[in-house]
Amino acid sequence: MVGVMESNLKNKQWMNGLDFLELFTIAQSFPGVLAINTAVIVGWRLRGFWGATAGFFGVIIPPVIIISFLSLFYESITESEYAQAFLLGIYGAMVGIVASLIYKIIKSKRWNIFTLLASLMGTVLLSIWAELALPIFIVLVSLVYMGTKKWMP
Amino acid sequence: MKLGQMAVVFFFVGMMSFGGGWTTVGLLQTQLVGNGWISALGFGNIVAIAQITPGPVSINTATLIGIREYGIVGGIILTLAVVAFPLLAIVAGFLLSKHLKLDRGRLMIALGVGTLSMLALTLLHLLAIPAINLLTIAIGLSSFFLVTFTKINNLIPIFAGGAISLTWYLLNK
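Read top to bottom, the protein sequences are chains E and G. When you line the first sequence up against this note's numbering, it's residues 1 to 153, in that order. When you line the second sequence up against this note's numbering, it's residues 1001 to 1173, in that order.
Calculated directly from the structure, the hints in this document are not laboratory data. Hints are supplied without guarantee of correctness; some may be wrong.
What the hints assert, rightly or not - Think about it this way: if two alpha-carbon atoms lie no more than 20 Å apart in a straight line, the pair counts; the simulated SDA-like pairs of lysine to any residue are:
| # | chain 1 | residue 1 | chain 2 | residue 2 |
| --- | --- | --- | --- | --- |
| 1 | E | K104 | E | Q84 |
| 2 | E | K107 | G | T1150 |
| 3 | E | K107 | G | N1154 |
| 4 | E | K104 | E | Q28 |
What the hints assert, rightly or not - Computed from the model, here is a short list of chain G residues facing chain E with C-beta under 10 Å:
| # | residue |
| --- | --- |
| 5 | L1003 |
| 6 | A1007 |
| 7 | W1022 |
| 8 | A1048 |
| 9 | V1113 |
All C-beta atoms, glycine included, are put in the ideal place defined by N, C-alpha and C.
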């Protein structure tokens, strides 16, 4: 989605690749969907508040319309045995994709004993106290943020 | 369950969605399935449909659950709930960026830890689905190797997995 955005912005000569990359990096440090964040930040840079609003609705309306249309057939989709078999296969592929994401994250970042142990602890705590997910997440991220200075070169 | 309660769940999930939509799936499952609002199988179906529909997984999931439970208004409310915090954070970030100085490198490492924990939670929950069988495991393993070691688009193993599973079902019928 972000790739399509970049090539369209370039073709329309609204923004060059370097500026886009800078805004894309900023978008990554915020929570939320990357495509939405990027659209909002790009819109903001180009046309201020209304640009951001236009970016937001432009990105979010198509999926919402498609899903709304699809939901009309939800019962008939999920009650069919064939669709169940198809969805189960997709489900299997999703497990593989998530596992691959984890593998890539572990490989790409410079981890040390401290950050790996913190992630492991985070996983254990999140799976035990799901209802406390938000405080666990905030405390974990803040502790690592503060600890990194001491523990990492 | 009330629409308001569910909107709160989606709002909090939106708050923690760093590093792509997948981080939120495990959390949503613990909240929605754990509270008995949606069955584990129903959740699996919804996420699978959200995955093959264009658009971000977390948005698609929010819209689909909202519409299924409360109609179109519910779909819109849950979708807005999931994006509300990120949008506020971006506005606040732009306004505060002159006053607040965070070390980006350290922040990225810290968020990486949070993201990894959430992804691991998602994986644990996906593995716990009741209907999983040998074929699903084989599809999962081959998707893992394809996505990790080739530059293949994620949609290819997803649709291929669905097609293989359907073919297997038809052959054994």
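So, going through the hints one by one against the coordinates:
The straight-line distance between the Cα atoms of K104 (chain E) and Q84 (chain E) is roughly 30 Å, outside the 20 Å bound, and the hint therefore fails. Using a Cα cut-off of 20 Å, the hinted pair K107 (chain E) and T1150 (chain G) holds, with the two alpha carbons roughly 15 Å apart. With a CA separation close to 19 Å, the supplied pair K107 (chain E) and N1154 (chain G) stays within the 20 Å bound. With a CA separation close to 17 Å, the supplied pair K104 (chain E) and Q28 (chain E) stays within the 20 Å bound.
Because the closest C-beta pair between L1003 (chain G) and chain E is about 16 Å apart, greater than 10 Å, the hint is violated. Of the supplied interface hints, the one on A1007 (chain G) is violated, with its beta-carbon coming no nearer than about 15 Å to a beta-carbon of chain E, more than 10 Å. A hinted interface residue such as W1022 (chain G) counts as satisfied when its beta carbon comes closer than 10 Å to some beta carbon of chain E; here the least separation is about 5 Å, so the hint holds. Nearest Cβ of chain E to the Cβ of A1048 (chain G): about 4 Å, under the 10 Å cut. The hint holds.
Contact between V1113 (chain G) and chain E, as hinted, is supported at the beta carbon level, the nearest pair being about 5 Å apart and thus within 10 Å.
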